[in-house]
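**Q** The primary structure of each chain is shown beneath.
There are 2 protein chains.
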Amino acid sequence: MLNLIQYIQHLIAITEEEASLIHTFFEERTYQKNSFFLTEGRVCKQVGFVTQGLLRYYINHEGEEKAYAFAQEGSFVCNYESFLVQASSSKTIQALEDTHMLTISYDSLQQFYKKIKAGERFGRLIAEQLYVQSLKDITSFYTDPPEIRYNRFIKNHSNLQQRLSQYHIASYVGVKPQSLSRIRKRMTKLP
Amino acid sequence: MLNLIQYIQHLIAITEEEASLIHTFFEERTYQKNSFFLTEGRVCKQVGFVTQGLLRYYINHEGEEKAYAFAQEGSFVCNYESFLVQASSSKTIQALEDTHMLTISYDSLQQFYKKIKAGERFGRLIAEQLYVQSLKDITSFYTDPPEIRYNRFIKNHSNLQQRLSQYHIASYVGVKPQSLSRIRKRMTKLP
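Respectively, the protein sequence lines represent chains A and B. Number 191 marks the last residue of the first sequence (my numbering); no jumps. Number 191 marks the last residue of the second sequence (my numbering); no jumps.
Okay, chain A solo, but in the shape it has when bound:
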């Protein structure tokens, strides 16, 4: 649990007692490669903190899986849209590698906000980070051609290039895998 506590301490001050209490709120879980953290139509009942592994978020659109985000070590995994109101999810979250995480249920998270002195502050900072990331994604959809979206992917997820298949990267960039190959070729030719 060391990583999670460190992650939390990076944003808020917590006492040793609070750190112990936080331990009791989380459970260890493992998702095997290709298994699902959340499937479309189900309610997202937990938030996960990835200690090892990789997941993708995608939308199923007319049989096509459109990846819109990835989560790796040190990040939280959740479809807030479903989780916050405990409504069925329009997105799917799948493990792309064997993934270990610490999960917290909806009820335990409310306890976290209640019992940890700066818990609400932590929740605010996380929600703000997620929201800003999401705003950047929206800008990118509106304005960026595939080349720039691919560049942005490399910049934001440089360490993921080796871990993701061309299929998943192409899906995120919003092009067919063949088009991604062409983009990559053009980019390597640039001075």
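The set of hints was computed from the structure by calculation and includes no laboratory data. Keep in mind that a hint or two might mislead.
Pairs count within a copy or across copies, as identical chains cannot be separated in the list.
With a Cα cut of at most 25 Å, we get these calculated DMTMM-like pairs of lysine to aspartate or glutamate [as the list claims (entries may be wrong)]:
(1) LYS136 with GLU64
(2) LYS185 with GLU40
(3) LYS117 with GLU17
(4) LYS189 with GLU147
(5) LYS115 with GLU27
(6) LYS155 with GLU62
(7) LYS114 with GLU64
(8) LYS115 with GLU18
(9) LYS117 with GLU27
(10) LYS33 with GLU64
(11) LYS115 with ASP98
(12) LYS155 with GLU40
(13) LYS185 with ASP144
Knowing the structure of chain A, use the given hints to seat chain B on it.
**A** Okay, now just chain B, sitting in the frame of chain A:
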């Protein structure tokens, strides 16, 4: 200020002393029709609460203004992406009508979080709402054809149809004004 206090009380409990303190954090401002709350390249230095009026958020892309959100009475106005890190904005926020609002500066907002007991909780709930709205927008970009995006606009902003020009609605839906006319015609023919 009644509306703002009511809005806050809808989400958190505040004492009378806190309500008075909150008054001191906000300033009244008026933006004339077509004037700017925030322009691209500038830092967003405040969050506004609209008491009367209407604004649009847009991205300037190769000379084309792409509207991606609107704000009206009872909503907060801010480009969090710029505000939270006090960095220059890639978006513009413009008043489409004479707009009255109550604004809070970055520093005063930190005081709000510090001095109001449930202030952080309020901040968390607002950031979560904004994030979820933004997630819904992303889904819509990925999956919805213009007809559905127009339907979604009508559903979410039914009271804005009369207040927005066809140009602004078309920009939000992601089509040319002529295409929007065709969509509307097709829709009125449906049983």
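**Q** Check LYS115 against GLU18 for me: Cα-Cα at most 25 Å, and say if that holds within a copy, between copies, both or neither.
**A** both (8 Å within a copy, 22 Å between copies)
**Q** When no copy is named, should LYS136 and GLU64 be tagged within, between, both, or neither for a Cα gap of at most 25 Å?
**A** both (24 Å within a copy, 18 Å between copies)
**Q** My question is about LYS33 and GLU64: at a cut-off of 25 Å on alpha-carbon distance, are they close within one copy, between copies, both, or neither?
**A** within (20 Å within a copy, 43 Å between copies)
**Q** One pair to classify: LYS114 and GLU64, alpha carbons no more than 25 Å apart. Within, between, both, or neither?
**A** neither (41 Å within a copy, 47 Å between copies)
**Q** How do LYS185 and ASP144 come out at 25 Å by Cα distance, when the copy is not named: within, between, both, or neither?
**A** within (19 Å within a copy, 31 Å between copies)
**Q** Have a look at LYS117 and GLU27 and pick one of within, between, both or neither, based on CA distance no larger than 25 Å.
**A** within (21 Å within a copy, 30 Å between copies)
**Q** First find the shortest C-alpha distance between LYS115 and ASP98 inside one copy, then the shortest across copies, and answer within, between, both or neither for a cut-off of 25 Å.
**A** For LYS115 and ASP98, the Cα distance exceeds 25 Å both inside one copy (33 Å) and across copies (45 Å).
**Q** Have a look at LYS117 and GLU17 and pick one of within, between, both or neither, based on CA distance no larger than 25 Å.
**A** both (11 Å within a copy, 22 Å between copies)
**Q** As a check of your reading, is LYS115 near GLU27 (CA-CA no more than 25 Å) within one copy, between copies, both or neither?
**A** within (18 Å within a copy, 34 Å between copies)
**Q** Please sort LYS189 with GLU147 into within, between, both or neither, judging by C-alpha distance up to 25 Å.
**A** within (13 Å within a copy, 41 Å between copies)
**Q** Please sort LYS185 with GLU40 into within, between, both or neither, judging by C-alpha distance up to 25 Å.
**A** neither (35 Å within a copy, 34 Å between copies)
**Q** Since the copies are identical, ignore which copy is meant and state whether LYS155 and GLU40 lie within 25 Å (CA to CA) inside a copy, between copies, both or neither.
**A** The answer is between: 23 Å across copies meets 25 Å, while 29 Å in one copy does not.
The earlier numbered hints that this structure contradicts are 2, 7 and 11.
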